[in-house]
Amino acid sequence: MKKLLCLLVPAIVGLLIVKDSLGSPPLPPIHIQGTVRDFQNGQPLQGVTVRGKFSTATTATDANGKFTLEIPDNETTLVISMIGYTPQEMTIARRTSFTIEMKPTASNLNEVVVVGYGTQKKADLTSAVASVKAGDFVKGNVIDAGQLIQGKVAGVTVNVPSGDPTGNSVIMLRGITTLASGSQPLILIDGIPGNLNTVAPEDIESVDVLKDGSAAAIYGTRGTNGVILITTKRASGLAEPVIDYSGSLSTQQIVKKLDLLNAADYKRLAAAGSNRIDYGHSTDWLKEVTRTPFTQIHNISLRGGTSKTNYVADVNYRGLQGIFLNSDNKTFTGHLQINHSMFDGKLKAMADIVSSENKYYTTGDGTGFSTLTYRQAVIRNPTDQVKDTAGNWQERSIYVYQNPVTMLRESHGENDATNTRYSGSLLFEPISGLRFKGLASTTRYYQTRGYTETKKNISNTRDGRNGYASYGAATAIDNLIELTAEYNKRFGDHALTLLGGFSYQDNTHSNSWMQNWDFPTDVFGWDNIGAGNALKEGLAVEHTDRAHSNLVGFFGRLNYNYQEKYLLQASIRHEGSSKFGANHKFGNFPAVSAGWRLSKEEFMKGQTLFNDLKIRAGYGITGTAPSDEYAALPQLAYGGYTLQNGVWVPDLSPNQNPNPDLKWEKKTEVNIGLDFALLNNRISGTFDYYNRKTHDMLYQYSVPTPPYLYPTITANVGVMQNKGWEVMLNFVPVTSKDFQWNASIYGSHNDNRLVTLSNSLYQTTVDYFDVGYTGEPIQTSTHRVQIGKPIGNFYGYKVVDITNDGKWVYATNDGKTTLDKDANNKQILGNGIPKYYAGFNNSFRYKNLSLSVTMRGAFKFQNLNFQRMYYENPTITQYNSLRSAYNKVFGKTQLNDVLEYTSNYIENGDYWKIDNITLGYNFNMHNNKIIKVLRVYASTLNTATITKYKGLDPEVMIQDPTQPLAYGDDGRDKYPTTRTYTIGVNLTF
Amino acid sequence: MIKKLSIYTLLSGLLCFGCTKVDNILYSTIDSDKFIPTKDDVNSLVGPAYATLRDLEMGWDAMYDLEEICADELVIPARPNGWVDGGVYKTMHLHTFNSLQPHIETVWADCYTGITNCNRVLFQIESGKIPVTDGKDAILAELRALRALYYYELCDNFGNVPLVTSYEVKVGELPKQNTRKEVYDFISSELHSTMPLLSPVVDKSTYGKMNRYAAWTLLAKLYLNAEVYTGTPQWDSCRIACDSVINSNKYILEANQEDVFKTDNENSQEIIFAIPFDEKYATGFNLVEKTLQPISQHTYNLQASPWGGICAIPQFINTFDSNDNRLKTNWIQGPQYDANSGQQLGCEYPPLSTAGHKLEFINSLPGIDSSQEIDGFRLGKYEFRMNALFDLSNDCPFFRYADVLMMKAEALLRTGQADDAAAIVTQVRQRSFKANPIKATVTGAALIAGSGYKYGVAVNDKIAAPEGGADIKYGRFLDELGWEFAMEGRRRTDMIRFGVFTKKSWLSHRPNGDFRTLFPIPQDELDKNNNLKQNPGY
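Protein chains in written order, with this note's numbering: chain A, 166 to 1154; chain B, 107 to 644.
Simulated from the structure, these hints should not be mistaken for lab results.
One or more of the hints may lead you astray.
[Unchecked claim] Stretch by stretch, here's where chain B covers chain A in the computed footprint (C-beta under 8 angstroms, at least three residues):
| hint | stretch |
| --- | --- |
| 1 | 967-979 |
| 2 | 1124-1133 |
[Said to hold, decoys possible] Sample of chain A residues lacking proximity to chain B, with all beta carbon distances greater than 12 angstroms (derived):
| hint | residue |
| --- | --- |
| 3 | GLU240 |
| 4 | GLY469 |
| 5 | SER520 |
| 6 | ALA582 |
| 7 | PHE775 |
| 8 | GLY811 |
| 9 | PRO876 |
| 10 | TYR1044 |
| 11 | TYR1086 |
| 12 | VAL1150 |
Note that CB positions come from ideal geometry on N, CA and C, so glycine has one too.
Model the full assembly from the supplied sequences, consistent with the hints where possible.
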């Protein structure tokens, strides 16, 4: 099949060419020139395409909005187009000079949207695809590319889980589709797999999201969680070189602090006979470990060249500081792309290098900022001192209780990473409409991690390690080859696009680390790790590992439309992965979708209400591969030792239950959509309904021991369903030369259900499993995943009252109450996944002043407030507590019970956030010869939150990789979220 | 044009063929299908069958805790720094445990991991996949005896478990449950049939291995508890098995009992079968963390901070003769000092810390639900090395000579030979009463008498409704077992044999049903294998 396909595609396309004829006779050309400006602000427009309607002549405007073009004598009309503006046609009528004003499009129907292996006009789309252009991005100190579209796309939840500058945004699309593999979508940067940090946010032109199965199926086993297509800024054959500079300065503050007991409270409580110790000092521990951070971002991009050879270069520096000391993240990214066009544009070549150098401090071994520091700052006695009278760090011998300042000052770590992507492509267009493209890339990631603890660290002062150091490295190499052939043809009213292709990808990653302690001096850190004694004593550990996987895909797609009225798309991917078991190496992922543009029908001709009306329907199958490279394979691994004849001999044994039947998760999705624009494009929108079902869900399935050696096996069991809708409405309430108001509203709803956890081979007799973990000392699970129920259900004891002596009163399952904790009375206490998301974005422009405000919210969900669960108990006196610990519970009395996970700490999380506010001003630069564009702005992020939630931030991490499926757990150690203030400038020379 | 295109077609076709294979390449593990072992690999392949014993005995929430914290010697009370953990220790103490009890799941899983590893290696050797040329029968016998040991623990704890003896099982084929009697018969027959093939050598080559004497000791244990397991006592068979060990003259009682438990105890001639641990190679023995207070780190200059949990039940400590050396050497008690400064350590948790109280371990405990950091004598039978790492290097003396002597004594006692039994008990006691040798001597009449344990629920060390132990048949012998074998992960089995486990109260525990002499089969296993029937009462 695969071999057939890869021969057939080029052959078919080849045959089609032969039928085509070539060229038209040349005519003496006419020289024309002109300037293109924005209708509203009069600014020159750069990169506008100007072409002859009936000829091949084409050019683009330069930074001054100027263009020159040679057109054939018989050409009658110029077509002027640019993304975001209404295209225009101008009759030439022997004129040679033009001044053109373009109106921004209220409707975005002619917008070009990036789809899998190509682009499409928005009007031609038959599947659920959303596109966000640079102008609509979230502005300010965004953490990565994901945050650019936060609150911009219905059905796509972008979550910035903490204020940690080394954190990443987390993206979830249309609910939880899987139990085992996470919700992160496939991220492609200019068609090449990468991540949200591969390129700088400032280098991004657009972000497109393939939401439904019919759009994503062309990406086969990687498509289930949707596809994010990031397109970087392009060179476009300008006459004059352009330099863009943008820069911003930011600072942050913790939005909300825990209301803890302070030193005065301690003294008062100690005097009143409580068990609080008064050490006689007063320390604001949070203040001791935090700072006012200062973040700067600078971006310079150069573009230039001719229509034949052009380049774009982007240099970006992001120096992020977090609110905690020693918490930062610095990245330097360079991106260079050179394009070359030869043989009258028949052959185009592209060479591209993106490279980033990243560095951040760590306060944990190999990790990042150790959030245990934050916990220690929270729980530490405020009457204690940072250092004792002798000048030593003040430590105490209480369980998991360390001086947070010591943790920051007496440990030091640096993670350095280089990520370099080389790519090149050749595009051969032998005749108009037929394109062969070859793309190859290799991405190399290399990270080193150094970490050290001095002799003043608690690891020595308490544990006698006498100085500690570790050093590690991680590498990843990703290779990609993609060959595609595409053919476009119009036959009268019929338009046809055929695409065929082949894709090969492989990944090899490795990890290594070494550690040592007992050093003669603190001077070396990890730079002379052999100086320690622990390795010589056989105590320190060294480690290396390496793994490999590859992916091979063959794909084809057909797009057809009749009079742009009836639209059809069908695609298939045949894909295999080394991660699959021996019995299932390849799978097929087909999709079909269709659209009907009612507005193009005869019967709609007379009406003036609708500018566009289209209904769409699609069906597609996508997959998810197991995350572990070797889950299917029988393997032997060395681990542990056994004493044999006085010698410790390494044990060699199987490390898992192999599964030769392991394959991909298979998600089927039906999507029905409606696109419309009315009242002269003043109102437009889309509505989508989807029903997605994941079959053969990957899961660590429990198997009996014996006969199995291990109690779980990675197997394809279970079915999960997500149904929901998304609506997005765009309004242009006011549009005039001086004042413009654009608004958009979106909403989405998802309904998730675990349908089954069995298949023919593996039958569960129990219909649930418990996930989530409170941590110690409570040590219990927080969630139950149960067949027939949604993912994210909190499961535990419901408390309804408190006794007069402060003990919890539990509800039983039959509606009575009891003082006994009986596991049979545990019940569903809420759900951590919002049922509804909504957003309301506005942008205003008055003359040169612009203001945009994005707001978003989530509704109908609960969070488990860990801070209250751990710090709102007055019997815990060795650690600091929330002031509210001394409040009466149920209005009766103070709590006098052990720390426990009960319904008392589950709260509604509904929130409405005023997130990004940006106020900008464009200076009038018409007469300035040096600076063409000057814009200054001030913005805030995470500006204000309206909620009844008592925790720090109701928006908790939607996907914590360390706590899979425990949605809504608001962990006590979370790096607090921050509010960011930014001022910035954009300059074009 | 056509020519150009066909070249392109050809080229792209060729490129496709170059990389259309999906391949597994392994770097850090070994592909079992491609692995051909040599005789150099035999030890590495056999090792895992033994390695599981470490997890089984000393792992987190594993057998050591399972056998001790449901009994009358040790308890894990709620501590100022935690140890509530969803009530999993309290349920053990109160006998309210159910099929979700983590200790029960761990013991089942570890036993069967050991059994499956034995079955796997047996299969691989028998089928020639592991090349063993010399001593093949001996290795096979040793693995079968080891498997019998795992089955013994299953028989003791769960009773009715599946007997699985082959490795190759069809996917979807689920093991059938056997009765406790069938499991008992299997262990007995396996040990008898392998006995002649097992090594009679006692040196480092069989240390930590199932040699012939380890198998006799296991058989003695099986017979000792035969009445519990099958309803039919086997006292004579027990005595004969014990004599097989005793008469070999390969083992002695150490002059000092504490030497059996010291850090470098691998040369002890009292140890018959050890589970070897090592702070570097074979970690997992962390009793020091489980019993000491965090600040006790300074007493031993430990390289990790302890967690402060398990301790003695005061009623049990009160049964000791004050002259018994084991009371002093086996239990950490009294004021605790900083090893460097010599100063007594202070308390760290309110309210004692607020009152400036110094750290001392006292023989007092309010109950299971609360305790102070000073409450309860701590477990000191195993030596805690100064400057110890997180894990200890003491080997766990799973079977030791004193145990064989005491089994023989019990078999004699229960077959009307109380004075002969007393002579053996006296022999075992002598090393613990060196300062007061007269007190070492015990009479047959004394052994027949009841127990000195003051049973009854104790609240703040006060027993409102004393139950006492005078009514326990051979109660004094049970006390003897307690004094000698405390903290060795076996008290439950002894209490069951003496009929006390489900009848008496201690600390916060009250009797909660006779069916609790067997643990429930873990819910997880019932869910996965519908051939399994839960033990009665659960």
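Evaluated hints:
no.: 1; hint: 967-979; in the structure: violated (count 0)
no.: 2; hint: 1124-1133; in the structure: violated (count 0)
no.: 3; hint: GLU240; in the structure: 28 angstroms, holds
no.: 4; hint: GLY469; in the structure: 32 angstroms, holds
no.: 5; hint: SER520; in the structure: 26 angstroms, holds
no.: 6; hint: ALA582; in the structure: 22 angstroms, holds
no.: 7; hint: PHE775; in the structure: 45 angstroms, holds
no.: 8; hint: GLY811; in the structure: 4 angstroms, violated
no.: 9; hint: PRO876; in the structure: 6 angstroms, violated
no.: 10; hint: TYR1044; in the structure: 10 angstroms, violated
no.: 11; hint: TYR1086; in the structure: 53 angstroms, holds
no.: 12; hint: VAL1150; in the structure: 48 angstroms, holds
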